[in-house]
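Chemist: Residue-level listing of the chains:
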Amino acid sequence: MTSTGQETLVRVRGLRFAFGPRPIYDGVDLDIPRGKVTAIMGPSGTGKTTLLRLIGGQWRPQGGTVEFDGVDVHKQSRSQLFELRKRMGMLFQTGGLFTDLTVFDNVAFPLREHSGLPESMIRDIALMKLEAVGLRGAAELYPEQISGGMSRRVALARAIALEPAMVMYDEPFTGQDPISMGVLMRLIRTLNQALGLTSIIVSHDVEEVLSISDHAYVVSGGKVLDHGTPEAIRNSPSELVQQFLQGEPDGPVRFHYKAARDYAADLLGGAP
Amino acid sequence: MKVVGEFLRGVGEATLFLFAILSALPAALLRPRLVVHQLYMIGMLSLIIIAISGSFIGMVLALQGYRTLAQFGAASSLGVVVAFSVVRELGPVVTALLFAGRAGSALAAEIGLMKATDQLSAMEMMAVDPIKRVVAPRFLAGFIAMPLLAAIFAMMAIGVAGGHLIGVILLGLDDGSYWSQIHQSLHPHDIWESMLKSLVFGAAVSWIALYQGYHAAPTSEGVSRATTSTVVVSSLAVLALDFVLTAFMFR
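Those sequence lines, one after another, are chains A and B. Numbering of the first sequence is given in this note's numbering, commencing with residue 1358 and proceeding in unit increments. Numbering of the second sequence is given in this note's numbering, commencing with residue 38 and proceeding in unit increments.
These are computed hints drawn from the structure, not numbers from a lab. All of these numbers come straight from a predicted model, not from anything done at the bench. Quick reminder that beta carbons are idealized off the backbone N, C-alpha and C, glycines included. Errors might be hidden in some of the hints.
[What the hints assert, rightly or not] Derived DMTMM-like pairs: lysine to aspartate or glutamate, alpha-carbon spacing no greater than 25 Å straight-line:
no., chain 1, residue 1, chain 2, residue 2
1, A, Lys1580, A, Glu1596
2, A, Lys1393, A, Glu1488
3, A, Lys1393, A, Asp1429
4, A, Lys1432, B, Glu50
5, A, Lys1432, B, Asp166
6, A, Lys1443, B, Asp166
7, A, Lys1580, A, Asp1607
8, A, Lys1580, A, Asp1457
9, A, Lys1615, A, Asp1429
[What the hints assert, rightly or not] Pairwise CB distance ranges (calculated):
no., chain 1, residue 1, chain 2, residue 2, range
10, B, Phe93, A, Pro1380, 55 to 65 Å
11, B, His74, A, Thr1531, 29 to 39 Å
12, A, Arg1435, B, Glu43, 25 to 35 Å
13, B, Gly42, A, Glu1497, 46 to 56 Å
14, B, His74, A, Met1485, 25 to 35 Å
15, A, Leu1552, B, Thr52, 40 to 50 Å
16, B, Glu43, A, Met1485, 45 to 55 Å
17, B, Met286, A, Arg1480, 47 to 57 Å
18, B, His74, A, Glu1497, 11 to 21 Å
19, B, Thr52, A, Gln1415, 19 to 29 Å
20, A, Leu1498, B, His220, 52 to 62 Å
21, A, Leu1498, B, Met81, 20 to 30 Å
All chains should be modelled from the sequences, with the hints used to inform the complete structure.
Modeler: So, in structure tokens, the structure goes:
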């Protein structure tokens, strides 16, 4: 595997992206350090998932660049992009498991598609990946027979099947009970260490994410508000970051959605 | 104006989608196991509905045909009437309509749901092209399955469970003349034209179903809309294409 050996694995510069008229990113710079766990946090609807799709090259930005290991993701041909993606794993919020395949076949899927290894070896690798997430016993079950937390662990096993350089986690903790949350947190941390991965976690579960990450970004309104170590983020001077961390209902992000007319006029004025 | 624009946009998108499928076909041919699996899902599982409908159509044709033919004292030609209408027209068309309802809707719903649950995105992020892995094998299977299903439909309609059952066993026509008249008057080119029709219908229904599923909005409403429009659009397309093809084949 070729590697430029730089400190930064993913370099995002001046990223601009909009859904139709609605701007999502307006000149964002990010550096994802190699071998570390980086958290990207922000209120719902700030396009954190969009960021992962932009890094993975599924969507195209309107401006700016995304470099993965020194290669501009959006200047690649489709086959070059696919080569790059073999070095990225992605864990979707819902898992994205193939419902017509067993857990085992799901994990074996990328190996069968890309590795060209004999079936006996694919079986061993898939079972090792499943053992790493503690689900070797569930190998013969179908995705609808396992819980949401378990599907995410299967999806994680599938994402690391090809030994990628980087894994992107999209809201890995949403809707998890404390036990499976703990399991996932430990897995993300230990896999990052054991496999020498680079991890990007997109989440709004502030405490959980900060406790396992080495570096964190807070994004909102299309801008990076603050970044640094989890400690630095906790002591951030930005009001918006503090509101987000403390979960206060009112602050720079208003409790009231902006209305066209003021409240009294709306009540007393009758229907327009 | 807006409706026309939307329509043209859809047609353009669908055409590009067809080109993408066609260029992925060689890759699908290299993975015969995927195609065989889809042949089972699309073809084999549609077999029962096709066989039963074929028999009923054959029986009804025999009853109706007999009444008319008997007026001219030509009841012994019943086999020819049944065979011609089934092979030339009803076989491919009714099979395609049933195929759209049974297999087309299932394809659209399956692919729409795969999209809605991020399975297609996950595949893309694993550097696997969903057009090659998911769409092309299904298209190819639909293309292969349709003529076979139409042939089975025609055999059921003409044969011992359809026209033959009513004509020979119920109405007492001569068994030998039923078959020999069919044999004499049905030419190979009738059968080739019937096959050509069902190939075209198979490609059209599969294309429409896959397009609707692949471009469905990733919500439950989007999937339901994709399923409905698959059945509606492909039924209309089959009937329109049938007219065009028949007009070309008319001699």
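Chemist: Against each hint, give a clear statement of whether it holds in the structure.
Modeler: Against the structure, the hints:
1. A:Lys1580 x A:Glu1596: holds (14 Å)
2. A:Lys1393 x A:Glu1488: holds (23 Å)
3. A:Lys1393 x A:Asp1429: With Cα atoms ~21 Å apart, A:Lys1393 and A:Asp1429 stay inside 25 Å; holds.
4. A:Lys1432 x B:Glu50: The hint holds at about 24 Å.
5. A:Lys1432 x B:Asp166: holds (18 Å)
6. A:Lys1443 x B:Asp166: Within the cut-off at roughly 12 Å; holds.
7. A:Lys1580 x A:Asp1607: holds (20 Å)
8. A:Lys1580 x A:Asp1457: violated (40 Å)
9. A:Lys1615 x A:Asp1429: Answer violated: A:Lys1615 to A:Asp1429 is near 39 Å, above 25 Å.
10. B:Phe93 x A:Pro1380: 55 to 65 Å: For B:Phe93 and A:Pro1380 the Cβ distance comes to about 60 Å; the hint holds.
11. B:His74 x A:Thr1531: 29 to 39 Å: holds (34 Å)
12. A:Arg1435 x B:Glu43: 25 to 35 Å: This hint holds: roughly 28 Å between Cβ atoms.
13. B:Gly42 x A:Glu1497: 46 to 56 Å: holds (51 Å)
14. B:His74 x A:Met1485: 25 to 35 Å: holds (27 Å)
15. A:Leu1552 x B:Thr52: 40 to 50 Å: holds (44 Å)
16. B:Glu43 x A:Met1485: 45 to 55 Å: Since the Cβ atoms of B:Glu43 and A:Met1485 sit about 51 Å apart, the hinted range of 45 to 55 Å holds.
17. B:Met286 x A:Arg1480: 47 to 57 Å: Roughly 54 Å apart at Cβ, these two residues keep to the hinted range, so it holds.
18. B:His74 x A:Glu1497: 11 to 21 Å: holds (19 Å)
19. B:Thr52 x A:Gln1415: 19 to 29 Å: holds (23 Å)
20. A:Leu1498 x B:His220: 52 to 62 Å: holds (56 Å)
21. A:Leu1498 x B:Met81: 20 to 30 Å: Holds, since A:Leu1498 and B:Met81 (Cβ atoms, about 26 Å apart) stay within the stated range.
Hints 8, 9 from the list above are not met by this structure, while the remaining hints are.
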